[in-house]
Amino acid sequence: MSQAKTFQPETLALHAGQSPDASFGARAAPIYFTTSYVFPDCDHAAELFNLERPGHVYSRISNPTNAVLEERIAALEDGVGAIAVASGQAALHLAICTLMGAGGHIVASRALYGGSHNLLSYTLPRFGITTTFVDPCDADAWRTAVRPETRLFFGESLGNPGLDVLDIPTVAAIAHAQRVPLLVDATLVTPCLQRPLALGADLVLHSATKFLGGHGVAVGGLLVDGGRFDWDASGLFPTLTEPYDGFHGMDFAEESPITAFALRARREGLRDFGACLSPMNAFQILQGMETLPLRMRTHVANAQAVAEHLAAHPMVERVAYPGLATHPGHALAARLLPAGAGAVLSFDLKGARAAGRAFIEALRVFSHLANVGDAKSLVIHPASTTHFRMSAQDLASAGIGEGTVRLSVGLEHAGDLIDDLNRGLHAAGRIVEKG
Amino acid sequence: MKLTVADHPVFIYTGARPLERTRPAVVLVHGAGNDHSVWNHQARHLAHHGFAVIAPDLPGHGRSGGAPLPSIEALAQWLVALLDGLELERAALVGHSMGSLVALHAAAERPERVTRLVLVGSVAPMPVAEPLLDAARNAPDAARAMIDQWSFTPKSQLGASASPGLYLPNVNRQLMARQPGGVLANDLAACNAYVRGLEAAARVRCPTALLCAARDQMTPRHAVQPLCEALASAPGGARLIGIAAAGHAMMAEAPDAVTDSLRGFLSEKQ
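Sequence order for the protein chains is A and B.
The numbering of the first sequence is our numbering, which starts it at 775 and goes up by one.
The numbering of the second sequence is our numbering, which starts it at 17 and goes up by one.
None of these hints come from the bench; they were simulated from the model.
Ideal Cβ placement from N, Cα and C applies to all residues, glycine included.
A portion of the hints provided could be inaccurate.
To be verified - Result set (DMTMM-like, lysine to aspartate or glutamate): computed pairs, CA atoms no more than 25 Å apart in a straight line:
1. Lys171(B) x Asp795(A)
2. Lys18(B) x Asp1006(A)
3. Lys18(B) x Asp1019(A)
4. Lys779(A) x Asp150(B)
5. Lys18(B) x Asp1025(A)
6. Lys18(B) x Glu1016(A)
7. Lys285(B) x Asp817(A)
8. Lys18(B) x Glu1028(A)
9. Lys171(B) x Glu1064(A)
10. Lys171(B) x Glu784(A)
11. Lys779(A) x Glu146(B)
12. Lys18(B) x Asp1004(A)
13. Lys779(A) x Asp157(B)
To be verified - Partial list, derived from the structure: chain A residues whose beta carbon lies under 7 Å from chain B:
14. Ala790
15. Gly791
16. Gln792
17. Glu826
18. Pro828
19. Ser836
20. Glu844
21. Ala849
22. Gly1001
23. Ser1030
Stated by the list, open to error - Anything over 12 Å on all C-beta distances counts as not near chain A; from chain B, calculated:
24. Ala209
25. Arg212
26. Ser249
27. Glu284
Could you put together the complete structure from these sequences and hints?
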């Protein structure tokens, strides 16, 4: 009994959350396509509803297939539990609504996925929840944005699309000094490249649609409870530390000091907001996660090769990829993302919008679409698609120019990807030559 | 609910029901580095099926104040003071791991106060390996990881928990991490130092059951026999109740089996 042996990510990615099905011994996680579950008797039904016994009642609240996915991501992230939801956006909404109501305030990185920016900037203010956006690399900006009503810090491990590296230990320390938790969107890194909870974050979310699934066939989201934040000691979260009339008068932190957040998110958030995940999607995401560690290694190697190639190309103004020494977050990435800085990068083409258009339309291997994290390589022009609602000023502050192109580097052969990019760069160059 | 015992505030989880002192009382005593929440399912069930449930956070643990008490004897004395504070003349005592030794010693010292005794994951004596004691003092992260590994079955190490969406080994590890510094080391040292278990068992006079998990590596079933034999003076001897497919953390791993075993034994007519 000298050293505990724990499972490595490769093993957890295949096994965590599932043991062979008790009825038939099925090795794969069965898809439980059922809305509801038969109660053995009336007493048992009442005991399930009263949480005297664990189990499933209705698939909006929990489902055995989804539970495998939830435990798998919780194990990989070193969390105490997780909630599977309909999308990454549903995960962000669930996190916020579990922690605060009208009057609440969030301090968020300004380098966010466009959908998250929409929710925080335009939609939640309608419900009385406001956000102050800050430069994720400016510790003082995080500190000075805090208000008495601040209840959450939020950032992305790698800011989309500028690839700002979030200094999680520093931002977490600032959040904790204010008695609020840090939520990290780790979609672009996955637990194979970074485990935000181990760096000081309190909650983690994923758009499982991206690298976790990897195949691009299923939309889904995951919200992980780290179990580390002491809601009682903070005193700022009545949703977790005061009796809730809507659920047996439960004081969630009294019921479970460690899983209070996950408990309320499931018992209120899934019940009332209803953004549950289909078990089919959960199954498909699980299939992808089985190979996540293998895939991420190739994603990162290909992204590094592509970034280095682009950086040396005369048609490229600038490449944003933390794996390059020229990126301002390179040293931080070496510390916080030692296994690689992900597989999403952006670059600025020489020439204006027309050059960007020619580049994208000349590509044959990269697919032009609004997604990242597919096994196949993807390309998009953020200013006209994912971030089109942002003003020019907001775009500039998020590090996005009119000629910025975002790549999600897939698992094809790196040589084929570079050939394809050269084809696009050549087309863009001809536009520039024509003036 | 909150109460003051020995000049310090004590938090008591009552299973999501107000405490009704007219009902048969059951005290659920948690183990080393834990708090009341290890009993969630069992406490809620018993409280909603006729019992007055008292699941305290021991001194220095969870929401209770004061310093952690340094010995099983002191904890047993505190447990009796808790009954006094609640104005409960008699109660059934249920303890897990370290808590089982506390319940055992209290039942031996104050037999007139104890109606029934249930020892969950218990052996006596309860020696703690020196590497674990050392890690608890000097490398608590490593100690918590060791306890996790030895408390859950190999199946649970990979998840598939009874509670949807929870990864139980990490819940246990974070619960231990949440306790103030030194609590785990104090508790493990108290278990290790308590050598009066078999002598105490011989003085137990109330109906007694031992819940033994089939895959318990912390207090393995083969080591339970001396304690079982020492409890010979309990009416009918000690009842050995097996909990299949679970390890030391059986309340979390096999919640229904533990709940049903407790309710069954505690509901028997004397």
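### Task
Using 7 Å as the Cβ threshold, decide whether Ser1030(A) counts as touching chain B.
5 Å, holds
Agreement of hint Glu844(A) with chain B interface, Cβ distance less than 7 Å
4 Å, holds
Residue hint Pro828(A), partner chain B, criterion CB-CB below 7 Å
Given a least distance of 4 Å, the restraint on Pro828(A) holds.
Practice task
Under 7 Å, Cβ to Cβ, is where Gly1001(A) needs to be relative to chain B, so tell me if that hint holds or is violated.
Solution key: 4 Å, holds
Quiz item: So is Ser249(B) really clear of chain A, every C-beta pair being over 12 Å apart?
Solution: 34 Å, holds
- Against chain B, run the beta carbon of Ser836(A) and see if the smallest gap drops under 7 Å. Where the cut-off is 7 Å and the nearest Cβ of chain B is about 4 Å from Ser836(A), the hint holds.
*Given as non-interface: Glu284(B), partner chain A, CB spacing beyond 12 Å*: For Glu284(B), whose nearest Cβ neighbour in chain A is about 19 Å away, the distance exceeds 12 Å, so it holds.
Given the hinted pair Lys779(A) and Asp157(B), is their alpha-carbon gap at most 25 Å? Distance of about 13 Å is within 25 Å: holds.
Outside-interface status for Ala209(B) - nearest CB in chain A farther than 12 Å: 18 Å, holds
Hey, Lys18(B) versus Asp1004(A), does the alpha-carbon distance stay inside 25 Å?
19 Å, holds
So, as I understand it, the hint says Ala849(A) touches chain B; can you test that by seeing if any CB pair is closer than 7 Å? 5 Å, holds
Tell me if the straight-line CA distance from Lys18(B) to Asp1019(A) falls inside 25 Å. 21 Å, holds
Checked against the numbered hints given earlier, this structure breaks none of them.
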